[in-house]
Amino acid sequence: MNKTKLLVLCCLLALAGAAFAQATPEEQAMLEEEARLAAEEAALDAAAERDPSAPDPAPAHPELRPVLEAFGGREGLDRLMDTFMAGLLADERMGPFFANADQERVKRQLAEQFCVILGGDCTYTGRDMKSSHAGLGIDRADFNRLVEVLQVAMDAHDVPFSAQNKLLAKLAPMHREVVTE
Amino acid sequence: MTPRATLPARCLLALALSAPAGLALAQSGDTSDGVGGKLLLTGGVTQVEGAAGGGLTPWAVIGGYGTRDQIGANAFYTRVDVDDYALDSYGVLVGFHDRVELSFSRQKFDTQAVGGALGLGNGFTFTQDTVGVKVRLFGDAVLEQDTWLPQVSVGAQYKRNDQAGVLAFVGARDDSGIDYYASATKLLLDKSLLLNGTLRLTKANQFGILGFGGDLNDDYEAQFEGSVAYLLSRNFAIGGEYRMKPDNLGIAEENDAWDVFVAWAPSKHVSLTLAYVDLGNIVIADNQRGLYASLQVGF
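Protein sequence lines correspond, in order, to chains A and B. Taking the working numbering, the leading residue of the first sequence gets 39, the next gets one more, and so forth. Taking the working numbering, the leading residue of the second sequence gets 109, the next gets one more, and so forth.
None of these hints come from the bench; they were simulated from the model. Remember, it's a predicted structure, so these values are computed and weren't measured experimentally. Ideal Cβ placement from N, Cα and C applies to all residues, glycine included. It cannot be assumed that every hint is accurate.
Unchecked claim - A partial selection of chain A residues facing chain B, derived with a Cβ cut-off under 10 Å:
| no. | residue |
| --- | --- |
| 1 | ARG178 |
| 2 | ASN182 |
| 3 | GLN189 |
| 4 | ASP196 |
| 5 | LEU206 |
| 6 | ALA210 |
From just these sequences and the hints, can you work out the full model?
Here is the structure:
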C-alpha cells in the first residue's frame, strides 16, 4: 500500500518537474507560492523543535495593540529591525554574536516575535528563547547591552519612550532563558 | 543670614564648576569596555549619606553600573543650599557584583550666621563621616518585570560627628551612631515608574549632624522613607522623595524632609541631579528650603 502511494507520488513529482522545466510566468508564480508554503512548513517544524520546558517566546498581549501602532505596525517593526541589526553589528560587544548569523532571518523573526507580543496578526516562526540562546555564553551585561542598542534604534524611529518600555517590560523576563553565564 | 537671591547663583556656580568634568566624561560615550553592564540610571544616584539611591534615601539597588559579573564604582559631590544653612557632602562607593555596596562619605554642615547667633561663631561647621554597607538580599528591580517582587537590600550607615562638645550641649546622647535600614525597590517598566520604600532604624538627629539620641528620646525609632521616580527618557528622570526623621532633642523641633528632583544621566559616566528640598525646622531656623545639586561620576 505505502509503496504504491510512494510510487504514485514520485511519478507525480516527476511529471511536475518536467512541466516546471519550461515554466511560464504563471507557473513561476506557483513555484514561488510553493516555496512560501515550504518556508511556512519549516517554521512549523521549528515550532515543533521548541523545548517544551521553555516559556512561550512570543506570548500575545492583545491589550498592547496600541503599542504596536506606536511602532508603526509590522512594517514599522521591519524598518526598526534594519536599524537594530545595523546597531548590533556595529557594537563592540554585540557584533560578534550576530556577524555570522543569518541576519535576515534574525530580523524577520524578531519582527514577528515583537509583533505577536504586541497583539499583532503575525506568526512567530522562530525557536524558543532557551534553545535559540543555548551555548552562546550570554551574560547579564550582554543582555542589557542588547536592550541599549534596541533603545537607540527605537529612539531613531521615534518610538515614544513609554511605548518602548511597554515592549521591554515583556522582553525583560526572557533574561532567565537568554542569560546562561 | 544668607540673602535668598544668592542661593540659586551659588548652586549654578557649583554646577558650572562641575559641568566641564561631566561633559568631558559624557563625550567618552558608553560603548567602550570598562563600563558596567547595568542599564542607564538603574544604579540610582547617590543619596546624601553616600549610599546609592535617590537624593535623600537609599534604594535597594547596588551602586555603580557593575552587573553580577562586574564591579562598579562612583564618586559624588552634593551641595544643599537652604535658607540659613549649607551642606556639602562628598564621597565614593564601590558596588561588588551587584551584591555588596561599600561607601565612604563626609558631610559638612555649615551653620553660617545661625552659628553666630548661637554663640558658636559664624560659619561654625559640623563634620560627619559616614561608612556605609549595603547587601542585596534578593530580587532584581529592573529585569523581573512579570512579578511584583521587588529588589530588597539591607544596609547600615555608621556615622561619626566631630563636634562632641556642642552635641552634648544641645542634648544629644552620642556623637556617633549606626543607622540600619531595609529597602525595597521596584521598576514598573510598563509604567516607566520606579518606586522605593526604605525603613530605617535610627537615633540620628538631622541625619547625625546634631548627633544621636537626645533628652526626649534615646531609643532606635523606625522611620519610613519613600521615593517615586518617573522615567522621561533613557537619560532623564523626575520624581519626589519623603524622609521621616526622629525628634529627639528638646532644644528644637525636627521635621521630616522631602524633595522633588530631576536627574539627568547623559552617559553611564556621569549624572547630575537637581532638586528643590525642604528639610523643615533646623534648630532656630524654620522651614529650611532650597536647592540640592549633585554630581556623580563613575562607571
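Now for the hints, and whether the structure bears them out:
{"no.": "1", "hint": "ARG178", "verdict": "holds, 4 Å"}
{"no.": "2", "hint": "ASN182", "verdict": "holds, 5 Å"}
{"no.": "3", "hint": "GLN189", "verdict": "holds, 6 Å"}
{"no.": "4", "hint": "ASP196", "verdict": "violated, 12 Å"}
{"no.": "5", "hint": "LEU206", "verdict": "holds, 6 Å"}
{"no.": "6", "hint": "ALA210", "verdict": "holds, 4 Å"}
Checked against the numbered hints given earlier, the structure breaks only hint 4 and satisfies all the rest.
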